[in-house]
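Q: Chains as they are written, first to last, in this note's numbering: chain Y, 1 to 437; chain V, 1 to 299.
Be a bit skeptical, because a hint or two may be false.
Said to hold, decoys possible - Derived pair list, reagent style EDC-like, types lysine to aspartate or glutamate, alpha-carbon separation capped at 20 Å:
1. LYS48(V) - GLU47(Y)
2. LYS61(V) - GLU177(Y)
3. LYS170(Y) - ASP285(Y)
4. LYS158(Y) - ASP285(Y)
5. LYS61(V) - ASP432(Y)
6. LYS86(Y) - ASP40(V)
7. LYS131(V) - ASP162(V)
8. LYS131(V) - GLU104(V)
9. LYS413(Y) - ASP123(V)
10. LYS131(V) - ASP248(Y)
11. LYS78(Y) - GLU265(V)
12. LYS221(Y) - GLU103(Y)
13. LYS137(V) - ASP248(Y)
14. LYS157(Y) - GLU177(Y)
15. LYS48(V) - GLU429(Y)
16. LYS184(Y) - GLU152(V)
17. LYS222(Y) - GLU422(Y)
18. LYS242(Y) - ASP160(V)
19. LYS78(Y) - ASP123(V)
20. LYS48(V) - GLU101(Y)
21. LYS413(Y) - ASP160(V)
Because the hints were derived from the structure by calculation, they are not lab data.
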Amino acid sequence: MSIKRREFIKKSATAAAITSPFILSSKVNASNSLKVWKFGGTARETEYWPVRNKVFSKNNPSINLNYQYFYGQIRRNKIMAGFQTKKLADIIIAFGQDIPEFEGFGMIQSISNIDKSATQSWKNKIVPEIWNTGVHNNELFGIPTYVDMFSFITYNKKAFEEGGIKEPPKNWDELREVAKKLTKPGRPGIAFPATTTVLDGTIWEGIAYSNGGRIFDENTKKVKLNDSGCVDALQLYVDLIKDGSTPDPGVMLENRFAPLANQFIGGNYAMIMLPSFSYVPWAFDKRDQFSDFLFPRPSKVTGSYDPVATLMDPTACLMVNSRSKNYEEIMAYLKFWTNDDQLKFWGTKEMARIPASKNAWKSNEMRDLWPNRVNAYNDGSLFNGSTPAPRFIGVTQIEQYMRTAIQKAVGGKMSASDALNEANDNAQEQIDVLLGG
Amino acid sequence: MVNLLKKKISRKYYNYAFAYTLIFPGLIAVIIFIAKPAYDTFVLSFSKFFFGRNLGFIGFKNFETIFSEQLFITVLKNSIIWLFVGSLLSILLGLFIALYIAQENKLSLLTRSIILIPWILPDVLTAITWKWMLNSKFGVINDILLRLSIFENPYTFLGDPDTVIYTLVFIVVWRKVPLVALFLCAAIRSVPIEYYEAAKIDGANSFQKFIHITLRHIAFSITAITCIVLIWISSEFGLPWVATKGGPMDSSHIISTYIYQNAFEHLRWGVSSAASVVNIIILCILIISYLFVNKKTFK
Numbered sequence: 001m002s003i004k005r006r007e008f009i010k011k012s013a014t015a016a017a018i019t020s021p022f023i024l025s026s027k028v029n030a031s032n033s034l035k036v037w038k039f040g041g042t043a044r045e046t047e048y049w050p051v052r053n054k055v056f057s058k059n060n061p062s063i064n065l066n067y068q069y070f071y072g073q074i075r076r077n078k079i080m081a082g083f084q085t086k087k088l089a090d091i092i093i094a095f096g097q098d099i100p101e102f103e104g105f106g107m108i109q110s111i112s113n114i115d116k117s118a119t120q121s122w123k124n125k126i127v128p129e130i131w132n133t134g135v136h137n138n139e140l141f142g143i144p145t146y147v148d149m150f151s152f153i154t155y156n157k158k159a160f161e162e163g164g165i166k167e168p169p170k171n172w173d174e175l176r177e178v179a180k181k182l183t184k185p186g187r188p189g190i191a192f193p194a195t196t197t198v199l200d201g202t203i204w205e206g207i208a209y210s211n212g213g214r215i216f217d218e219n220t221k222k223v224k225l226n227d228s229g230c231v232d233a234l235q236l237y238v239d240l241i242k243d244g245s246t247p248d249p250g251v252m253l254e255n256r257f258a259p260l261a262n263q264f265i266g267g268n269y270a271m272i273m274l275p276s277f278s279y280v281p282w283a284f285d286k287r288d289q290f291s292d293f294l295f296p297r298p299s300k301v302t303g304s305y306d307p308v309a310t311l312m313d314p315t316a317c318l319m320v321n322s323r324s325k326n327y328e329e330i331m332a333y334l335k336f337w338t339n340d341d342q343l344k345f346w347g348t349k350e351m352a353r354i355p356a357s358k359n360a361w362k363s364n365e366m367r368d369l370w371p372n373r374v375n376a377y378n379d380g381s382l383f384n385g386s387t388p389a390p391r392f393i394g395v396t397q398i399e400q401y402m403r404t405a406i407q408k409a410v411g412g413k414m415s416a417s418d419a420l421n422e423a424n425d426n427a428q429e430q431i432d433v434l435l436g437g
Numbered sequence: 001m002v003n004l005l006k007k008k009i010s011r012k013y014y015n016y017a018f019a020y021t022l023i024f025p026g027l028i029a030v031i032i033f034i035a036k037p038a039y040d041t042f043v044l045s046f047s048k049f050f051f052g053r054n055l056g057f058i059g060f061k062n063f064e065t066i067f068s069e070q071l072f073i074t075v076l077k078n079s080i081i082w083l084f085v086g087s088l089l090s091i092l093l094g095l096f097i098a099l100y101i102a103q104e105n106k107l108s109l110l111t112r113s114i115i116l117i118p119w120i121l122p123d124v125l126t127a128i129t130w131k132w133m134l135n136s137k138f139g140v141i142n143d144i145l146l147r148l149s150i151f152e153n154p155y156t157f158l159g160d161p162d163t164v165i166y167t168l169v170f171i172v173v174w175r176k177v178p179l180v181a182l183f184l185c186a187a188i189r190s191v192p193i194e195y196y197e198a199a200k201i202d203g204a205n206s207f208q209k210f211i212h213i214t215l216r217h218i219a220f221s222i223t224a225i226t227c228i229v230l231i232w233i234s235s236e237f238g239l240p241w242v243a244t245k246g247g248p249m250d251s252s253h254i255i256s257t258y259i260y261q262n263a264f265e266h267l268r269w270g271v272s273s274a275a276s277v278v279n280i281i282i283l284c285i286l287i288i289s290y291l292f293v294n295k296k297t298f299k
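Sequences are here, hints too, so could you generate the full structure?
A: Have a look at this one:
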């Protein structure tokens, strides 16, 4: 078939002329449009947001909602690229741990500055400790819908019965004993993930912070990875390995929390270190087989700081683009998602999460699903001493060195203190450059 | 006569104009999407650019920073293994497979059509699939090796810092080999049959035919595909990042993952750009040296 030049040019020009109005029109946002980006979440959450968004659109027919979901691990680059190219969504639903860096980058704006009275009314609905996970420099930058808490131990009830374990261990020494007792050929007593995945590191941070450790002192701007609170927490990992209570370290260096949890569900380990979502994402229908308890404290706290009960991170925190000015639409969306009709989903329909709504804790459904947690909430012990997961400018750099140090100690390449000393020096260099600039 | 000349000239200009019109969009795309970003990266590598703030020209400071980091030295060592072993194995295996699929038989025809499967799979999918297959607990590869009594215990292919980089090299070779094989297969099949017939009459054996006829004729193609493979493997990011994120203990951190991590996780765009410039320089030196050594193949 021969192509005539004149005809080719004519046809190409005609095609361009026909398609260009459509391309151009797609770039023009309607004045009452609202763009929302959601990052990460469980399968049920991924289905839930669009379903409720339909209700929002029905209730707000004048708002043209453009909702998009993205994989959680790409959130930082997606958000940054969006901001640089001025294509960032009006509302981003991402991790609360990113708030200080996003604010430092000038990407998000204070929600309390948009509408103080609305902010106050939302504050009354949310558990105060969870509310604080969205607060930075005394201003609200993110509205948490739930939190994940660190760190917990999930256990196999049958293994506990077989081992004659009646009560969860109360301190680290007891934990080592229980792990040893539960270990049998081909079924280690305990496993913990030690890959470079952020969440694997946060599980360890939960243990270190409960021992009075910190990874960074914001007052002195000093990295504190080699504080004894952190060193002893890492030593606990090493001791568990030395006790022969864990799988081969290579397994824990190879498998992040999700595959390791799947192996636990499959009966490969008696206990596993996980966040508060525990076994739920993988074995929702096997509640009778598994249970969990808060990671035990050390017999004697060795860190230089106050020990914390748990670390909390809201991984679906609603934040507002600093460049967005369509406040009416933004506030309508925030108001919708801070309503109990939406918030009651967490803790019950998605039972993997710790709900942010005070009313969710009062529901019968929540009481049936999580009786221990509801009791702990009611007597004030669940959130007492809980604090947001480490969050400051430079946290990603420090955590990267921290995770490598964990791997070096777990893999037996270095002692816990040497690995953390090395990480501390390297991270401090980075922080000095960062904060010096 | 004059009219004919005029017509010829106008036809010639018309052809030029038409050719440039067709090239123009491509040229603009290259300027916008390749030249301009490359220029920006170069400028950024000499700037202090942090958290979206350009803090000005700082000379070679970013380069000093990366070379003073122990991590970058580890990254360079890993990258050398990644690049050299990966490229060498891709070419050698590709050539070996090409020799087979260049033959005319039903099995080689079938191989030719299915060999592209690793190539057409997306990077992320490839990495996740291999990650699962290599898993020490539920991976099919460990299962087979244990059943065949090759291993006594499961091996953590992606969890052993001493060998993880070689595991990744194996995966990247698996991925790159098909196209190398097809490329070289095309070159082998273009060698005139008369040469082989003449060699046969002269009593040459298969090895001699390969060395003196095949290899000589496809030398340029090998040079070209080696350059392409070097570029492909050096720019490979998705596969190592998804498979190991540079771990464990940074033992599979290569230059592309280092660039990504600095740019998007640590927001050190100046440092990340400096690493990109180092990467380009290393690659240019490698390719120019390789082309210089193999300049005979151009004749």
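Q: Give a verdict on every hint.
A: The hints, checked one at a time:
1. LYS48(V) - GLU47(Y): Violated, at about 43 Å.
2. LYS61(V) - GLU177(Y): violated (52 Å)
3. LYS170(Y) - ASP285(Y): violated (28 Å)
4. LYS158(Y) - ASP285(Y): Judged against 20 Å, a Cα distance of about 16 Å means the pair holds.
5. LYS61(V) - ASP432(Y): holds (15 Å)
6. LYS86(Y) - ASP40(V): holds (18 Å)
7. LYS131(V) - ASP162(V): holds (17 Å)
8. LYS131(V) - GLU104(V): violated (36 Å)
9. LYS413(Y) - ASP123(V): With a Cα-Cα distance of about 31 Å, the restraint between LYS413(Y) and ASP123(V) is violated, given a limit of 20 Å.
10. LYS131(V) - ASP248(Y): It holds: about 18 Å lies between the C-alpha atoms, which stays within 20 Å.
11. LYS78(Y) - GLU265(V): Holds. LYS78(Y) to GLU265(V) sits at ~11 Å (cutoff 20 Å).
12. LYS221(Y) - GLU103(Y): Distance ~18 Å between LYS221(Y) and GLU103(Y) Cα, so the pair holds.
13. LYS137(V) - ASP248(Y): holds (11 Å)
14. LYS157(Y) - GLU177(Y): Cα-Cα ~17 Å, so holds.
15. LYS48(V) - GLU429(Y): With a Cα-Cα distance of about 16 Å, the restraint between LYS48(V) and GLU429(Y) holds, given a limit of 20 Å.
16. LYS184(Y) - GLU152(V): holds (19 Å)
17. LYS222(Y) - GLU422(Y): holds (14 Å)
18. LYS242(Y) - ASP160(V): Within the cut-off at roughly 18 Å; holds.
19. LYS78(Y) - ASP123(V): holds (19 Å)
20. LYS48(V) - GLU101(Y): Holds. LYS48(V) to GLU101(Y) sits at ~18 Å (cutoff 20 Å).
21. LYS413(Y) - ASP160(V): holds (11 Å)
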